[in-house]
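Engineer: Sequence:
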Amino acid sequence: LGAQWELDLWGRVRAGKRAARANALGQAAEFAGARHSIAGQVAKAWMMAIEARQQVRLAKFTVSTHETTVARVRARFEQGVFSSLDVRLARANLAGAKAQVADLETVASKTIRQLEILLGQFPANKLAVPAELPQVPPTIPSGVPAQILSRRPDLVAAEQRLFATGASLTQAEASLYPQISLTGSGGTSTSELSGLLSGDSVVWGVAANLAQPVFQGGRLRANVRLLKANLRAAEESFRSTMLKAMGEVENALDAEQQLAVMDEALGVAYEQSQAAAQIAQERYDLGLDNIIKLLEARRRAINAESRWWAARRRRLENRINLHLALGGGFESMNKNGTASN
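Under the working numbering, the first residue of the sequence shown carries the number 393, and numbering increases by one thereafter.
These are computed hints drawn from the structure, not numbers from a lab.
Since this is a predicted model, take the numbers as computed values, not measurements.
Every residue, glycine too, gets a C-beta built ideally from N, C-alpha and C.
Mixed in with the good hints there might be a few duds.
Unchecked claim - Derived lysine-lysine pairs resembling DSS-like cross-links, with alpha carbons at most 27 Å apart:
(1) Lys452 - Lys409
(2) Lys502 - Lys436
(3) Lys636 - Lys620
(4) Lys518 - Lys502
As the list claims (entries may be wrong) - Pairwise CB distance ranges, derived in the manner of DEER restraints:
(5) Asp646 - Gly472: 53 to 63 Å
(6) Pro526 - Gly472: 49 to 59 Å
(7) Ala520 - Gly472: 46 to 56 Å
(8) Ala702 - Leu623: 19 to 29 Å
(9) Glu656 - Ala520: 45 to 55 Å
(10) Leu511 - Arg466: 43 to 53 Å
Can you build the whole structure from these sequences, using the hints too?
Structural biologist: Shown next, in the form of C-alpha coordinates:
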(Lines of atoms letter the chains of each structure in order from A and count residues from 1; the text may use other names and numbers.)
(Lines give C-alpha, C1' and ligand atoms only; values in the text may rest on other atoms or scores of the structure.)
Protein backbone atom coordinates (compact mmCIF):
# COMPACT_ATOMS: atom_id res chain seq x y z
CA LEU A 1 0.00 0.00 0.00
CA GLY A 2 1.21 3.52 -0.78
CA ALA A 3 0.08 7.07 -0.07
CA GLN A 4 1.44 10.53 -0.73
CA TRP A 5 0.67 13.77 1.10
CA GLU A 6 1.95 17.17 0.02
CA LEU A 7 3.01 19.72 2.60
CA ASP A 8 1.15 22.84 1.43
CA LEU A 9 3.80 25.27 2.66
CA TRP A 10 3.18 27.90 -0.02
CA GLY A 11 -0.62 27.59 -0.19
CA ARG A 12 -0.70 26.07 -3.68
CA VAL A 13 -3.27 23.40 -2.82
CA ARG A 14 -5.44 25.80 -0.82
CA ALA A 15 -5.42 28.29 -3.68
CA GLY A 16 -6.46 25.56 -6.09
CA LYS A 17 -9.41 24.69 -3.88
CA ARG A 18 -10.46 28.35 -3.67
CA ALA A 19 -10.27 28.67 -7.46
CA ALA A 20 -12.37 25.55 -7.97
CA ARG A 21 -14.99 26.74 -5.49
CA ALA A 22 -15.16 30.21 -7.05
CA ASN A 23 -15.54 28.71 -10.52
CA ALA A 24 -18.38 26.52 -9.29
CA LEU A 25 -20.14 29.48 -7.67
CA GLY A 26 -19.67 31.52 -10.83
CA GLN A 27 -21.23 28.82 -12.97
CA ALA A 28 -24.15 28.55 -10.55
CA ALA A 29 -24.65 32.32 -10.77
CA GLU A 30 -24.61 32.18 -14.58
CA PHE A 31 -27.26 29.47 -14.45
CA ALA A 32 -29.37 31.62 -12.12
CA GLY A 33 -28.91 34.55 -14.49
CA ALA A 34 -30.15 32.48 -17.40
CA ARG A 35 -33.24 31.52 -15.39
CA HIS A 36 -33.91 35.16 -14.51
CA SER A 37 -33.54 36.19 -18.14
CA ILE A 38 -35.96 33.52 -19.36
CA ALA A 39 -38.46 34.44 -16.64
CA GLY A 40 -38.24 38.08 -17.70
CA GLN A 41 -38.77 37.19 -21.35
CA VAL A 42 -41.81 35.09 -20.49
CA ALA A 43 -43.31 37.85 -18.34
CA LYS A 44 -42.79 40.45 -21.07
CA ALA A 45 -44.23 38.16 -23.74
CA TRP A 46 -47.22 37.56 -21.45
CA MET A 47 -47.84 41.30 -21.14
CA MET A 48 -47.45 41.80 -24.88
CA ALA A 49 -49.93 39.00 -25.58
CA ILE A 50 -52.53 40.54 -23.28
CA GLU A 51 -52.08 43.97 -24.84
CA ALA A 52 -52.21 42.52 -28.37
CA ARG A 53 -55.53 40.84 -27.60
CA GLN A 54 -56.85 44.08 -26.17
CA GLN A 55 -55.82 45.94 -29.32
CA VAL A 56 -57.71 43.35 -31.40
CA ARG A 57 -60.77 43.76 -29.17
CA LEU A 58 -60.58 47.53 -29.57
CA ALA A 59 -60.25 47.23 -33.36
CA LYS A 60 -63.24 44.89 -33.56
CA PHE A 61 -65.29 47.30 -31.47
CA THR A 62 -64.27 50.05 -33.89
CA VAL A 63 -65.50 47.94 -36.82
CA SER A 64 -68.82 47.41 -35.06
CA THR A 65 -69.14 51.14 -34.44
CA HIS A 66 -68.37 51.97 -38.06
CA GLU A 67 -70.89 49.38 -39.26
CA THR A 68 -73.57 51.08 -37.18
CA THR A 69 -72.53 54.45 -38.57
CA VAL A 70 -72.67 53.20 -42.17
CA ALA A 71 -76.18 51.84 -41.62
CA ARG A 72 -77.41 55.08 -40.05
CA VAL A 73 -75.78 57.29 -42.69
CA ARG A 74 -77.13 55.17 -45.52
CA ALA A 75 -80.65 55.38 -44.08
CA ARG A 76 -80.36 59.16 -43.79
CA PHE A 77 -78.97 59.34 -47.33
CA GLU A 78 -81.94 57.42 -48.70
CA GLN A 79 -84.18 59.90 -46.88
CA GLY A 80 -82.34 62.73 -48.59
CA VAL A 81 -80.91 64.09 -45.34
CA PHE A 82 -77.21 63.27 -45.92
CA SER A 83 -75.13 63.40 -49.07
CA SER A 84 -73.27 60.57 -50.78
CA LEU A 85 -70.04 62.03 -49.36
CA ASP A 86 -71.11 61.00 -45.87
CA VAL A 87 -71.84 57.48 -47.08
CA ARG A 88 -68.50 57.11 -48.82
CA LEU A 89 -66.54 58.47 -45.87
CA ALA A 90 -68.33 56.10 -43.51
CA ARG A 91 -67.66 53.12 -45.78
CA ALA A 92 -64.01 54.11 -46.19
CA ASN A 93 -63.52 54.22 -42.44
CA LEU A 94 -65.25 50.86 -42.06
CA ALA A 95 -62.93 49.27 -44.62
CA GLY A 96 -59.89 50.77 -42.91
CA ALA A 97 -61.04 49.44 -39.54
CA LYS A 98 -61.44 45.92 -40.97
CA ALA A 99 -57.92 46.07 -42.39
CA GLN A 100 -56.65 47.16 -38.98
CA VAL A 101 -58.31 44.14 -37.36
CA ALA A 102 -56.55 41.77 -39.78
CA ASP A 103 -53.20 43.43 -39.09
CA LEU A 104 -53.64 43.31 -35.32
CA GLU A 105 -54.80 39.68 -35.46
CA THR A 106 -51.51 38.81 -37.17
CA VAL A 107 -49.53 40.63 -34.49
CA ALA A 108 -51.49 38.94 -31.70
CA SER A 109 -50.99 35.49 -33.23
CA LYS A 110 -47.24 36.01 -33.51
CA THR A 111 -47.10 37.22 -29.92
CA ILE A 112 -49.03 34.23 -28.61
CA ARG A 113 -46.84 31.81 -30.56
CA GLN A 114 -43.71 33.45 -29.21
CA LEU A 115 -45.04 33.04 -25.68
CA GLU A 116 -45.87 29.39 -26.35
CA ILE A 117 -42.32 28.79 -27.59
CA LEU A 118 -40.86 30.39 -24.46
CA LEU A 119 -43.08 28.12 -22.36
CA GLY A 120 -41.86 25.05 -24.25
CA GLN A 121 -45.17 24.46 -25.99
CA PHE A 122 -46.02 23.91 -29.64
CA PRO A 123 -46.72 27.32 -31.28
CA ALA A 124 -50.37 26.61 -32.06
CA ASN A 125 -51.71 30.05 -31.12
CA LYS A 126 -54.11 28.45 -28.66
CA LEU A 127 -52.74 29.74 -25.36
CA ALA A 128 -55.40 31.58 -23.37
CA VAL A 129 -54.30 34.84 -21.76
CA PRO A 130 -56.21 37.09 -19.35
CA ALA A 131 -58.36 39.86 -20.74
CA GLU A 132 -56.84 42.54 -18.51
CA LEU A 133 -53.29 43.58 -17.74
CA PRO A 134 -52.30 43.14 -14.08
CA GLN A 135 -52.14 46.15 -11.83
CA VAL A 136 -48.80 47.91 -11.51
CA PRO A 137 -47.10 46.81 -8.24
CA PRO A 138 -46.79 49.26 -5.33
CA THR A 139 -44.62 52.35 -5.55
CA ILE A 140 -40.87 51.79 -5.48
CA PRO A 141 -39.33 52.71 -2.10
CA SER A 142 -37.00 55.69 -2.20
CA GLY A 143 -33.29 55.35 -1.59
CA VAL A 144 -32.60 51.94 -3.12
CA PRO A 145 -29.15 50.98 -1.72
CA ALA A 146 -26.31 50.05 -4.04
CA GLN A 147 -25.68 46.91 -1.96
CA ILE A 148 -28.88 45.40 -3.33
CA LEU A 149 -27.12 45.02 -6.68
CA SER A 150 -24.95 42.31 -5.14
CA ARG A 151 -27.84 39.89 -5.79
CA ARG A 152 -27.54 40.26 -9.56
CA PRO A 153 -26.41 36.92 -11.02
CA ASP A 154 -24.14 38.55 -13.61
CA LEU A 155 -22.37 40.55 -10.88
CA VAL A 156 -22.02 37.45 -8.72
CA ALA A 157 -20.61 35.52 -11.69
CA ALA A 158 -18.15 38.31 -12.56
CA GLU A 159 -17.06 38.57 -8.93
CA GLN A 160 -16.52 34.82 -8.62
CA ARG A 161 -14.56 34.77 -11.90
CA LEU A 162 -12.36 37.49 -10.41
CA PHE A 163 -11.87 35.46 -7.23
CA ALA A 164 -11.12 32.31 -9.23
CA THR A 165 -8.55 34.08 -11.39
CA GLY A 166 -6.87 35.56 -8.33
CA ALA A 167 -6.73 32.15 -6.64
CA SER A 168 -5.36 30.56 -9.82
CA LEU A 169 -2.63 33.23 -9.90
CA THR A 170 -1.74 32.44 -6.29
CA GLN A 171 -1.61 28.76 -7.17
CA ALA A 172 0.63 29.44 -10.17
CA GLU A 173 3.01 31.61 -8.13
CA ALA A 174 3.21 28.92 -5.44
CA SER A 175 4.13 26.40 -8.14
CA LEU A 176 7.43 28.28 -8.61
CA TYR A 177 8.56 27.09 -5.18
CA PRO A 178 9.65 23.57 -4.25
CA GLN A 179 6.92 21.06 -3.50
CA ILE A 180 7.50 18.90 -0.45
CA SER A 181 5.55 15.69 -0.10
CA LEU A 182 5.58 12.78 2.29
CA THR A 183 5.32 9.30 0.81
CA GLY A 184 4.28 6.36 2.91
CA SER A 185 4.20 2.67 2.02
CA GLY A 186 3.22 -0.45 3.86
CA GLY A 187 3.40 -4.18 3.25
CA THR A 188 4.43 -7.54 4.63
CA SER A 189 7.77 -9.31 4.64
CA THR A 190 6.53 -12.89 4.65
CA SER A 191 5.56 -15.16 1.82
CA GLU A 192 3.55 -17.45 4.06
CA LEU A 193 -0.20 -16.99 3.86
CA SER A 194 -0.59 -17.73 7.54
CA GLY A 195 1.82 -14.95 8.52
CA LEU A 196 0.29 -12.09 6.60
CA LEU A 197 -1.54 -10.75 9.65
CA SER A 198 1.37 -11.16 12.01
CA GLY A 199 2.70 -7.91 13.47
CA ASP A 200 6.30 -8.98 13.00
CA SER A 201 5.83 -9.33 9.25
CA VAL A 202 4.39 -5.81 8.65
CA VAL A 203 6.88 -3.33 7.19
CA TRP A 204 6.21 0.46 6.94
CA GLY A 205 8.27 3.10 5.20
CA VAL A 206 8.04 6.89 5.24
CA ALA A 207 10.08 9.17 2.99
CA ALA A 208 10.16 12.86 2.23
CA ASN A 209 10.39 13.98 -1.39
CA LEU A 210 11.48 17.41 -2.58
CA ALA A 211 10.38 18.42 -6.06
CA GLN A 212 12.15 21.51 -7.36
CA PRO A 213 10.68 23.01 -10.61
CA VAL A 214 14.07 23.50 -12.26
CA PHE A 215 13.38 22.54 -15.86
CA GLN A 216 9.81 23.91 -15.86
CA GLY A 217 10.64 27.37 -14.55
CA GLY A 218 10.14 29.11 -17.89
CA ARG A 219 6.75 27.54 -18.47
CA LEU A 220 5.58 28.27 -14.94
CA ARG A 221 6.67 31.92 -15.07
CA ALA A 222 4.92 32.35 -18.42
CA ASN A 223 1.77 30.91 -16.86
CA VAL A 224 2.05 33.44 -14.02
CA ARG A 225 2.30 36.31 -16.50
CA LEU A 226 -0.72 34.98 -18.38
CA LEU A 227 -2.79 34.73 -15.20
CA LYS A 228 -1.80 38.26 -14.19
CA ALA A 229 -3.15 39.48 -17.51
CA ASN A 230 -6.30 37.41 -16.98
CA LEU A 231 -6.69 38.95 -13.52
CA ARG A 232 -6.56 42.47 -14.95
CA ALA A 233 -9.13 41.46 -17.57
CA ALA A 234 -11.38 39.97 -14.86
CA GLU A 235 -11.12 43.19 -12.84
CA GLU A 236 -12.14 45.28 -15.85
CA SER A 237 -14.96 42.86 -16.61
CA PHE A 238 -16.27 43.20 -13.06
CA ARG A 239 -16.11 47.02 -13.23
CA SER A 240 -17.86 47.00 -16.60
CA THR A 241 -20.58 44.69 -15.30
CA MET A 242 -21.08 46.89 -12.23
CA LEU A 243 -21.40 50.05 -14.34
CA LYS A 244 -23.81 48.29 -16.67
CA ALA A 245 -25.93 47.21 -13.69
CA MET A 246 -26.01 50.73 -12.29
CA GLY A 247 -26.97 52.12 -15.68
CA GLU A 248 -29.82 49.65 -16.06
CA VAL A 249 -31.16 50.51 -12.61
CA GLU A 250 -30.96 54.26 -13.24
CA ASN A 251 -32.67 53.91 -16.62
CA ALA A 252 -35.45 51.78 -15.16
CA LEU A 253 -36.01 54.15 -12.22
CA ASP A 254 -36.14 57.16 -14.54
CA ALA A 255 -38.49 55.38 -16.93
CA GLU A 256 -40.71 54.41 -13.98
CA GLN A 257 -41.40 58.06 -13.22
CA GLN A 258 -41.95 59.07 -16.83
CA LEU A 259 -44.21 56.11 -17.62
CA ALA A 260 -46.30 56.79 -14.52
CA VAL A 261 -46.92 60.34 -15.75
CA MET A 262 -47.70 59.05 -19.24
CA ASP A 263 -50.10 56.42 -17.87
CA GLU A 264 -52.03 59.01 -15.88
CA ALA A 265 -52.13 61.52 -18.75
CA LEU A 266 -53.32 58.95 -21.28
CA GLY A 267 -56.00 57.80 -18.86
CA VAL A 268 -57.34 61.35 -18.74
CA ALA A 269 -57.05 61.64 -22.53
CA TYR A 270 -59.03 58.42 -22.92
CA GLU A 271 -61.86 59.60 -20.69
CA GLN A 272 -62.07 63.03 -22.32
CA SER A 273 -61.89 61.68 -25.87
CA GLN A 274 -64.67 59.18 -25.14
CA ALA A 275 -66.86 62.01 -23.86
CA ALA A 276 -65.98 64.15 -26.89
CA ALA A 277 -66.87 61.31 -29.27
CA GLN A 278 -70.25 60.94 -27.59
CA ILE A 279 -70.92 64.68 -27.96
CA ALA A 280 -69.82 64.57 -31.61
CA GLN A 281 -72.24 61.70 -32.26
CA GLU A 282 -75.12 63.65 -30.73
CA ARG A 283 -74.30 66.80 -32.70
CA TYR A 284 -74.04 64.81 -35.92
CA ASP A 285 -77.41 63.16 -35.32
CA LEU A 286 -78.92 66.63 -34.82
CA GLY A 287 -77.35 67.87 -38.03
CA LEU A 288 -75.17 70.42 -36.24
CA ASP A 289 -71.84 68.96 -37.43
CA ASN A 290 -70.72 67.05 -40.50
CA ILE A 291 -69.46 63.47 -40.54
CA ILE A 292 -65.83 64.54 -40.73
CA LYS A 293 -65.92 65.93 -37.19
CA LEU A 294 -67.63 62.78 -35.97
CA LEU A 295 -65.05 60.48 -37.55
CA GLU A 296 -62.20 62.62 -36.23
CA ALA A 297 -63.61 62.50 -32.69
CA ARG A 298 -63.91 58.72 -32.90
CA ARG A 299 -60.39 58.41 -34.26
CA ARG A 300 -59.04 60.41 -31.32
CA ALA A 301 -60.97 58.27 -28.83
CA ILE A 302 -59.76 55.00 -30.36
CA ASN A 303 -56.18 56.25 -30.58
CA ALA A 304 -56.23 57.41 -26.95
CA GLU A 305 -57.44 54.03 -25.71
CA SER A 306 -54.89 52.19 -27.84
CA ARG A 307 -52.05 54.34 -26.54
CA TRP A 308 -53.28 53.90 -22.98
CA TRP A 309 -53.11 50.13 -23.27
CA ALA A 310 -49.62 50.36 -24.75
CA ALA A 311 -48.48 52.69 -21.94
CA ARG A 312 -49.76 50.34 -19.25
CA ARG A 313 -47.96 47.42 -20.86
CA ARG A 314 -44.74 49.45 -21.16
CA ARG A 315 -44.96 50.40 -17.49
CA LEU A 316 -45.28 46.77 -16.48
CA GLU A 317 -42.40 45.80 -18.76
CA ASN A 318 -40.26 48.50 -17.20
CA ARG A 319 -41.05 47.13 -13.74
CA ILE A 320 -39.85 43.74 -14.99
CA ASN A 321 -36.66 45.40 -16.27
CA LEU A 322 -36.14 47.02 -12.87
CA HIS A 323 -36.70 43.69 -11.14
CA LEU A 324 -34.04 42.09 -13.35
CA ALA A 325 -31.68 45.05 -12.96
CA LEU A 326 -31.84 44.78 -9.16
CA GLY A 327 -31.53 41.01 -9.20
CA GLY A 328 -34.91 40.68 -7.48
CA GLY A 329 -37.66 42.72 -5.88
CA PHE A 330 -37.57 45.09 -2.93
CA GLU A 331 -38.66 42.57 -0.31
CA SER A 332 -35.04 41.80 0.59
CA MET A 333 -34.49 45.38 1.81
CA ASN A 334 -34.83 45.64 5.58
CA LYS A 335 -36.23 48.60 7.48
CA ASN A 336 -33.00 50.58 7.71
CA GLY A 337 -32.66 50.54 3.91
CA THR A 338 -29.85 48.01 3.58
CA ALA A 339 -29.92 44.88 1.50
CA SER A 340 -30.33 41.49 3.09
CA ASN A 341 -30.51 38.01 1.68
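Engineer: Provide an ascending list of the numbers of those earlier hints which the structure does not satisfy.
Structural biologist: As far as the earlier hints go, 1, 8 and 9 are violated by this structure, in ascending order.
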